[in-house]
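First to last, the protein sequences are chains E and R.
For the first sequence, our numbering begins at 1425 and goes up steadily by one.
For the second sequence, our numbering begins at 1497 and goes up steadily by one.
Hint data in this document are derived by calculation from the structure and do not stem from the laboratory.
Small disclaimer: the values here were computed from a predicted structure and weren't measured.
Incorrect hints may appear among the rest.
[Claimed, not checked] Examples of chain E residues lying across from chain R (beta carbon under 10 Å, computed):
#1 Y1546
#2 G1547
#3 S1609
#4 P1610
Positions of the beta carbon are idealized from the N, C-alpha and C atoms, including for glycine.
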Amino acid sequence: MRQIARLGALFALAASLLTAQRELGRRIGVYQWSGVVPLGFETDLLTLAREKTTALGSRVFRFYLGARFDYRLPELAPSRFVADGPEARTLVAVAKLPRYRAVFADPLLETVIVSAYPALEYGGAYDDVDLLRPIGERELRAEREQIADLVRYWCLEFGDLPKTFILANNETDEKLMEILNHSDSPELAIENLVAWASARQEAVEQARAEFPDARLRVLNAFEISIVNLRIARLRETWRKSARGEGYSALQDILPRIRCDLISYSAYESTSGPYAGGSADRDPSETYERLRRDLEIIRRRGSSSISARGRELFDSEFVMIGELGFARDRFEYLPTGGVLPRFHAALSAAVDAACPYTVIWQAFDAPRSGSKASGFGLYDRRSRAPRLRASGGGCESLAECLELVFSSGLDAWHEAGFE
Amino acid sequence: MSLDPTGPAQLVVEAAARLVELGALPPASVVSPLPTLLTACVASLGFDGDTAWRVVAAAAFLAAAAFTRRAASHPERRLWMLELLAPSRWLFLFAAEDLERLLFWSLAAAAPFLLRSWIARGSLRSAAAAAFLGAAMLASHPAEANALDALALAERIATTTLVWVSPSWRVAASSAALLLAPSAWHFVLEPALRPPYPPMPQALIETPKARPANLVAGPQSLFFEGSALLRESAALIRSPGRLEESLLWLRATAAAYVAAPSAGKFLGQLEKADEQDGWALFRLPQSSAEAVVVSRIGGERLRPIRGVLDVEGVEAYVAWAARPRSLLLRESSPSEMLLRADLGPDDLILIRRRLGLSWSAASSSGAVSGWDDPLGFRVLDPGAGRHEIRLHFKGSLRERLLPRAGAALHLARGEFPRIQPEGIVDGGDFSQPPFSAGTTLSLFGKGFETSVSVVWVGDRRVEPLWSGEAQINFRLPNDTPAGSIEVIVETDGRRSYAEPIEVRP
Chain E
1425 MRQIARLGAL FALAASLLTA QRELGRRIGV YQWSGVVPLG FETDLLTLAR EKTTALGSRV
1485 FRFYLGARFD YRLPELAPSR FVADGPEART LVAVAKLPRY RAVFADPLLE TVIVSAYPAL
1545 EYGGAYDDVD LLRPIGEREL RAEREQIADL VRYWCLEFGD LPKTFILANN ETDEKLMEIL
1605 NHSDSPELAI ENLVAWASAR QEAVEQARAE FPDARLRVLN AFEISIVNLR IARLRETWRK
1665 SARGEGYSAL QDILPRIRCD LISYSAYEST SGPYAGGSAD RDPSETYERL RRDLEIIRRR
1725 GSSSISARGR ELFDSEFVMI GELGFARDRF EYLPTGGVLP RFHAALSAAV DAACPYTVIW
1785 QAFDAPRSGS KASGFGLYDR RSRAPRLRAS GGGCESLAEC LELVFSSGLD AWHEAGFE
Chain R
1497 MSLDPTGPAQ LVVEAAARLV ELGALPPASV VSPLPTLLTA CVASLGFDGD TAWRVVAAAA
1557 FLAAAAFTRR AASHPERRLW MLELLAPSRW LFLFAAEDLE RLLFWSLAAA APFLLRSWIA
1617 RGSLRSAAAA AFLGAAMLAS HPAEANALDA LALAERIATT TLVWVSPSWR VAASSAALLL
1677 APSAWHFVLE PALRPPYPPM PQALIETPKA RPANLVAGPQ SLFFEGSALL RESAALIRSP
1737 GRLEESLLWL RATAAAYVAA PSAGKFLGQL EKADEQDGWA LFRLPQSSAE AVVVSRIGGE
1797 RLRPIRGVLD VEGVEAYVAW AARPRSLLLR ESSPSEMLLR ADLGPDDLIL IRRRLGLSWS
1857 AASSSGAVSG WDDPLGFRVL DPGAGRHEIR LHFKGSLRER LLPRAGAALH LARGEFPRIQ
1917 PEGIVDGGDF SQPPFSAGTT LSLFGKGFET SVSVVWVGDR RVEPLWSGEA QINFRLPNDT
1977 PAGSIEVIVE TDGRRSYAEP IEVRP
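Construct the entire structure; sequences and hints are all you get.
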């Protein structure tokens, strides 16, 4: 009898460990933006990144769906999508291409987050809908129709699967800053982004309502990237400012729109520009800053969450859409390298019950000017770069994530840091 | 054997192609007209650029000897063969592949004899020949002198001494020694003339992946040689160091690829698209579109780029120019390009070509106004709406033959100091402005030099209390007026952009 009880206890322990592992694997995922295939690989970057992500044990994957790049050629390459045929123009047409469809159909992925950008033609090849000019009916129609068509395609094709597909945008604050630098008009920038974000939510709500019995959950996330900072005009250009005056998506756009959940691209919290301007801060501060900022977003964003979002997430409607540390900026800091900062940030995300946390990104982007580089779990040769860590523990971010997905976040912490 | 695509031959071949296509010469400060004209003439007979270059070079080489033989008076006539031995000529031909110098110094070989003939006979014919020779030398003279010119000059002195002055055996021996000894320099000069890596294979830049216009191929190119700033940026990109600045310039010029030594500074930083003989073609992770939509307001705020290391200036340019929205620029003939655009009210079109004044743009509604940006690329302002724009080359004969070189720019050497945005904080608690007059402030940035950098608060020069490479501490003068005031860091005469701060009343 005692033996049976022991076996039962062991079984329960194993089951709980497995559940914990599956739980984190279902909440923490990996992003892949543009780039080219690492040396020596024949496949496309999207497929390679998806396979790497699922091999780590993650069930969440995020990528870009639009006309700017095709995961085979560099961003805006003139011959992008040419090999895919003349139809590859709209969101649905791109989503149906085998390498994209394989992401939605992958049985190992439970949640797919798509940074989706409908396309129009403005004189060159097809490109994202232009938000730098006063938004017109042509742009809003493209946004509504292409997004609604994508949701319909998902529901028709994958409606019976118990998955979640989240449609998102990429950092509204970056787009806000881009429009301000292009037009110098805060009114134009805010009005455009409000109309654009509203059109996206309307399209998702309208299309998913047509499939009330679908097991597939289709949601729309609105992504922001600044919380305490503001976009202000400094030295003739609009930049992120810590001086408190200016504009932000959280302050000026979110209160005027609806969405199912809010996505936070968390560099402001994790890189620490707001807290003293220096990245060389104790990694434990990352935890505090991220918790603080997630709380601010929840407080300010709660009135913008749709009924569907409240039903699914209650008050935990803030996901982390991007979380990353550049190796060239953080790995050699005296206060600690990349791994302890990642651990602190993931702990904050887990403790704050973020429904999803997406790590930026699977593969390193090619270096560009003085921009921070080396965010990838894997470098340009598909190797997991070794990072500073104490002996016996994981020595790369990929290894550490594998450990987290198999044994939980505490197992990583126990290994300690240098 | 192909011409070295990293050498000056490439420039002549490109200039000759342009002359054949557009009937226009590049500015003489870029390539001398005579080599371009001769190469273009031969090319127009159906030869490719490289072959035309070789034909002209071989003709110049042999003509110098023939001309000396013809011009030399009887007793010295046998000495014309010395022209075939002149080391500089061989170096021009094979080591440097420098057609300008080969032509110039070949013509110079004839100068003493023509001059003597004119002095001796005083005939109109000999005067005309001397004048023609002078004009030809003017049309082929290189813009800058180098070590090979010194060698060629020494040879000229030696051969003139041998041929013109009746030589004693001592003079003959010493002159012959002077003439032949420099050939030994070849072994010294060769490494100096050649880069420390093997020449880039021609096939690498002829790959269909690369377009010459926006390919920084390591070789000289009309695209880069057209302005002093671009020429210096190309030199920076070719240099073994300054990786970040090189990548920034590659973004500014929207290069699609950069050809560089395989094991050089781009290794591990950029993707290799191709590799041959120690050289690689690295792919740049950016749009290389020749026409993009840019901001009108941003364009109005652009400032001149003050030097190749004016990083802040180049970054501001890149922020404006490196736009993702591209347009399709179709070249219907060498003298006509077509462009289709759907523009918003704040949009302009940037064409990443140094077109010069001889190109005009028009749409169905009339002429399209334009201006050149700090890099010399053309910006068009057709206004909001849908446009079909035609760019047309319509240079006058004078503009075709005597094109204007780019405006002379005074380019500062050395790194410019940069103040980090919002990088001026209270020295005590690192808080942001406003500050009280008399407060000690910390200024963060880059490119500062200890004991060299000074701070300007408005028009007041303030000596730093302490300065390092990335931080300067200084005291805000007690009598600084309340309100907004600009702070600048100056290092060796090079000034940062101004950073405004607020001062409390």
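Comparing the hints with the structure gives:
1. Evaluation of the Y1546/E hint against chain R yields a held restraint, the C-beta minimum of about 4 Å falling below 10 Å.
2. With a cut of 10 Å, the hint placing G1547/E at the interface with chain R holds, because the nearest CB-to-CB distance is about 4 Å.
3. Among the interface hints, the one on S1609/E holds; its C-beta lies about 8 Å from the nearest C-beta in chain R, closer than the 10 Å criterion.
4. Here the hint on P1610/E is broken, as its CB sits about 13 Å from the closest CB of chain R, past 10 Å.
Hint 4 from the list above is the single one not met by this structure.
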